[in-house]
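Undergrad: Residue-level listing of the chains:
There are 4 protein chains.
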Amino acid sequence: MQIDLAAIQKELTKRSAHDFFSTSRKEPDTFEILSGIRNGKTTGGPIGFIIPNKDVKSSHYDELDKLFRPSHADFTYYAKYGSEESAGKLHASGRFFASVIVAGGVARQMLSKANITIKAYVNQIGTVKVGKTYQELDLSLTDQSHVKCPDAEASEKMLRLLKQLKSKGDTTGGVVCCIVNACPPGIGDPVFGKLQSKLAQAMLSIPAVKGFEYGSGFGAASMTGSQHNDIFVIRKNKLRTLTNNSGGIQGGISNGEDIFFHVAFKPVSSIAKEQPGIDRNANNVTFTGKGRHDICLVPRAVSLVEALASITIADSFLKYRAYVEKNQL
Amino acid sequence: MQIDLAAIQKELTKRSAHDFFSTSRKEPDTFEILSGIRNGKTTGGPIGFIIPNKDVKSSHYDELDKLFRPSHADFTYYAKYGSEESAGKLHASGRFFASVIVAGGVARQMLSKANITIKAYVNQIGTVKVGKTYQELDLSLTDQSHVKCPDAEASEKMLRLLKQLKSKGDTTGGVVCCIVNACPPGIGDPVFGKLQSKLAQAMLSIPAVKGFEYGSGFGAASMTGSQHNDIFVIRKNKLRTLTNNSGGIQGGISNGEDIFFHVAFKPVSSIAKEQPGIDRNANNVTFTGKGRHDICLVPRAVSLVEALASITIADSFLKYRAYVEKNQL
Amino acid sequence: MQIDLAAIQKELTKRSAHDFFSTSRKEPDTFEILSGIRNGKTTGGPIGFIIPNKDVKSSHYDELDKLFRPSHADFTYYAKYGSEESAGKLHASGRFFASVIVAGGVARQMLSKANITIKAYVNQIGTVKVGKTYQELDLSLTDQSHVKCPDAEASEKMLRLLKQLKSKGDTTGGVVCCIVNACPPGIGDPVFGKLQSKLAQAMLSIPAVKGFEYGSGFGAASMTGSQHNDIFVIRKNKLRTLTNNSGGIQGGISNGEDIFFHVAFKPVSSIAKEQPGIDRNANNVTFTGKGRHDICLVPRAVSLVEALASITIADSFLKYRAYVEKNQL
Amino acid sequence: MQIDLAAIQKELTKRSAHDFFSTSRKEPDTFEILSGIRNGKTTGGPIGFIIPNKDVKSSHYDELDKLFRPSHADFTYYAKYGSEESAGKLHASGRFFASVIVAGGVARQMLSKANITIKAYVNQIGTVKVGKTYQELDLSLTDQSHVKCPDAEASEKMLRLLKQLKSKGDTTGGVVCCIVNACPPGIGDPVFGKLQSKLAQAMLSIPAVKGFEYGSGFGAASMTGSQHNDIFVIRKNKLRTLTNNSGGIQGGISNGEDIFFHVAFKPVSSIAKEQPGIDRNANNVTFTGKGRHDICLVPRAVSLVEALASITIADSFLKYRAYVEKNQL
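Residue numbers (this note's numbering), protein chains in the order written: chain A, 954 to 1282; chain B, 954 to 1282; chain C, 954 to 1282; chain D, 954 to 1282.
Excised from the complex, chain A in its bound form (with noise of 0.2 Å):
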């Protein structure tokens, strides 16, 4: 297969971008493929490569290993590991997420050659929510506003509160939405290998993420059978459904519609406020965060959510390859 490096570089620099709400490296990452790919074409082989680290302050992180930060992993990476460092340093760290993103640009390409693609965006930050459906937003907008949403009026609001956050030195959470379009009816394994399982899994192993919903999601507890049941009509010779309460995955396997979830994400735990902590030999201690810090990273978790997406979705479409024969509608 053909690979497209710049595609792939240019999903890497999305991420590393920074404003003022979110830390501000130098350079952005690059990656150098070690294997599996020559010529522009993979092998066969498997993929290798590496992201270069090349604006630490381990300093910083130094003075961090003396305390568990609250609700970071430095405590629980001690319970288990006898770490005696900060998480930040060890495989805690969000940086970890750039290596899915190049993985992900790979799964977007094969996915893209079967017409399958991806797109998220922020859907809330903070307090402020998007009013619209994904339907009734113009997604090619995303890449047009700092924190990611499609909606200019939501957009702005976010960046006030953003700017809010900053001068009290505090920070916020928020929610991305994902859709995979043009995905064929029969992707996806039950019972135990259900996609809307598999992309859940992948979800909540992004580090702040606190919860996944597909379709209708928790709204569907308060909802009637008769209101929430997609009535399937036939539609330019397909079987479709008027309605997407299902999120296009019905018995864990793909309908043909598209299929959406939102993501969760908490605040980020780092703020630059005094806080107090306890240290690695059990004594009380106040702290204030120091080093760059992200005040919402959600932004840049909407390409972390399409490479998740494009590797899980990858993931089940090739095993669909190797059983289905067509039986469509």
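Hint data in this document are derived by calculation from the structure and do not stem from the laboratory. The reader is advised that the hints may include incorrect statements.
Which copy? The list can't say, so a pair holds if one copy fits it or any two copies do.
Unchecked claim - The list that follows gives simulated cross-link-like pairs (lysine-lysine, PhoX-like), each with its CA atoms no further than 25 Å apart:
1. Lys1066 - Lys1272
2. Lys1226 - Lys1042
3. Lys994 - Lys1019
4. Lys1007 - Lys967
5. Lys1019 - Lys1082
Using the hints provided, position chains B, C and D relative to the given structure of chain A.
TA: Just chains B, C and D now, kept in the frame of chain A:
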């Protein structure tokens, strides 16, 4: 390991229990051990068992073979497998999960030897929500409620709602809350084996589940970092947190606090009202659900959520036993 | 997929066949499909089945519970699981592999739709070896031989040897040769999914197997490169090799020639002679094997080798269907 | 866990060692840790490292791109991946396994903390075999032999044979014997995780390996049960066996005796003689191997066999730590 088979049967019987809002099987499911347990003890080999289906009304399902029911897996099973039959006859059947209750019972008994206990209850049915957190409830009252809700007032309202829905031939969804307590710090594996990731995957395997959140969940999106951070304190010589927005998991690893999460269920798709549909010859038809169906399956799902949580935690717990030497504060 | 259940039963019956040198079960094993096949067709769901044990002589095994039999798994099952019983009652039982015959039958039928066929025969029993390669034999004669050896002369000698051993109360081992033909080039996955690696893993799962070699095997060690290299030629517009020391696999991937391998079996451990042993209280004892035991299980293992080869090749074949587009010379 | 990186480098250097019969790299391989080890200790995260390729002669390989070399993976990589290049440039390269030496070094150090040690040596090169069992040899002499054979007389003969082959431009194969000692009883998992099954899978992953046998191996086929059975005895309060035809494994689980196995290697396919071949346009050609190639790679494979055995045993050992409580006699 000694296995209390009677305790497992009790779980299975609980799931089969019928009420005015759930299907009426004539007799509860029973299971028969085929291998892996001899004289009440595990042999170390695979545990095999069978749950005979005593109460099939296949003539009812035969009728359904002719159409694709809305929000059921009939169409996707046809698209993937070429199935000529209703998905309810195949592995889309919720009855599959009776076997998960048995498997979960074994896992639960293994965990209880390590003093880890797991308890779930109904937190919402349709529009009726419990207004308290799990800490404010007496979970020992759960089994006294027909709808498995330990809050007497909410339980009452839920029953009233279900009666109304029954009279209208409609159905609804709900939310289950589950708590794992006394889980020692150190369980769960970053990067792709995070405890929340495994739990999400397990919960989204349940047919009607539409969403998963742990700790602060979707609510975290609108909080600030200073609200959300769980401050560490020393209590009885242990590192604990003042609040538990982390839901007992930090960096994918248990931190010793209660692990808790919510699972959202959609309304039952089979309703007793006339609905438009498409038959397998692509003709428009109308049909009315017959046969036994739950008005709300959430009360019955409580033991399933507990069983899947038990399996998931047991799995990570065994890894923990292999790798971890004690480093706890 | 249509499944010929009668063909699978035939394989199972073949394995259960008794002769003077093998154990005498009163009736052949039969299997009952529980799930995954309806009206003779796969549903796409897990195929579940049961083979009831009609002919248990547990009193015999009860006696064995008291001692660790030499070269049996009694001691290791005790060391690992604390088993208080003979391993023959547990998952060490060779009877487990009856189920593999059924699973292999499904895989074999899948492969036969792609024109891939698998055939094994007995190449050695004790000191009697077939002096010809598989190409020099008429494999259609295998089933006519009581010992599953298509060479009439060797078959005769093997039977004579087994009669002698029976009179002495002793047992012996042997070698099975297996051939997969018409396997298209491209099946198998480097680096850790090599076809030979998967086949070796499968074959070494059979309880009495002590060795595996493919193509030139151990004989290759003493050859020179110029003897061993398989020269490529064009035959009927296909790239073929003049010799087949590669055993149909190069770089872990099938090359279109016959895949063939040999599997070595140890003698049956249960003999009808007095032997010294150690009982579970660490006392020295002597004991004499009773109950039914094979003098040589190699003839019965032929269908098991075929079944495991079918499962292994089918597995790699499905991956091949997912990934490979045609590039063949 | 503390990691001795220098010890790992020593293994890597050993593998890179050149002699008249092996390829001559200008400098030994070195590895650079990227993640997972900090200050000489494992962090609990994935251990990443890189071994830069300092000594590529790609012009030589470029020439090979035009043809399918006999008994190499050029054709099968073309059939599977459409590769336009020599497989030696891709993941078929034996150099991949340098990384396994590093991984094996980590596993070996983990096992040595549990007093499990692993040692391999060359037992055969071409037609020259060691006439003694491993118990009759002094394995500490292995590294003193250029061909890694602890038997001085055989070592001498092997060197003579390799000199003759070099003068003829030919190559040969051989056999490596490997011993795992002090493995406690209880390691390995029936039914499909048997220790011998995992070891066979690992060894057959090595590019030139054609066969695997453990304990009595292929020789068992011609033995009788009364010869082959390993009689149990009590020695120093432990259950031991008088002989070790079982090769330290019974029922797929270690029994406390030495685990030992043999691995057969084919001759190196690249020879310095003219051979007929087929080019990628299906033309008949003749060609002569150039560039650096081993006359026999078996001496260099010794550390690879040890590394793969270390990884395999470590894997099963971790499972053992999770599941087993002590029941040993």
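Undergrad: Now look at each hint and say whether the structure bears it out.
TA: Okay, the hints, checked on the actual structure:
Taking the shortest alpha-carbon separations for Lys1066 and Lys1272, both the intra-copy value of 16 Å and the inter-copy value of 19 Å come in at or below 25 Å. Taking CA atoms no more than 25 Å apart as the test, Lys1226 paired with Lys1042 passes inside one copy only; the shortest distance there is 22 Å, against 55 Å between copies. Within a single copy, Lys994 and Lys1019 get their C-alpha atoms only as close as 47 Å, which misses the 25 Å cut-off; across copies the closest is 18 Å, which meets it. For the identical chains of this complex, Lys1007 and Lys967 are intra-copy neighbours only, at 17 Å inside a copy versus 34 Å across copies, given an alpha-carbon limit of 25 Å.
Taking identical chains as interchangeable, the C-alpha atoms of Lys1019 and Lys1082 are never at most 25 Å apart, the minima being 38 Å within one chain and 43 Å between chains.
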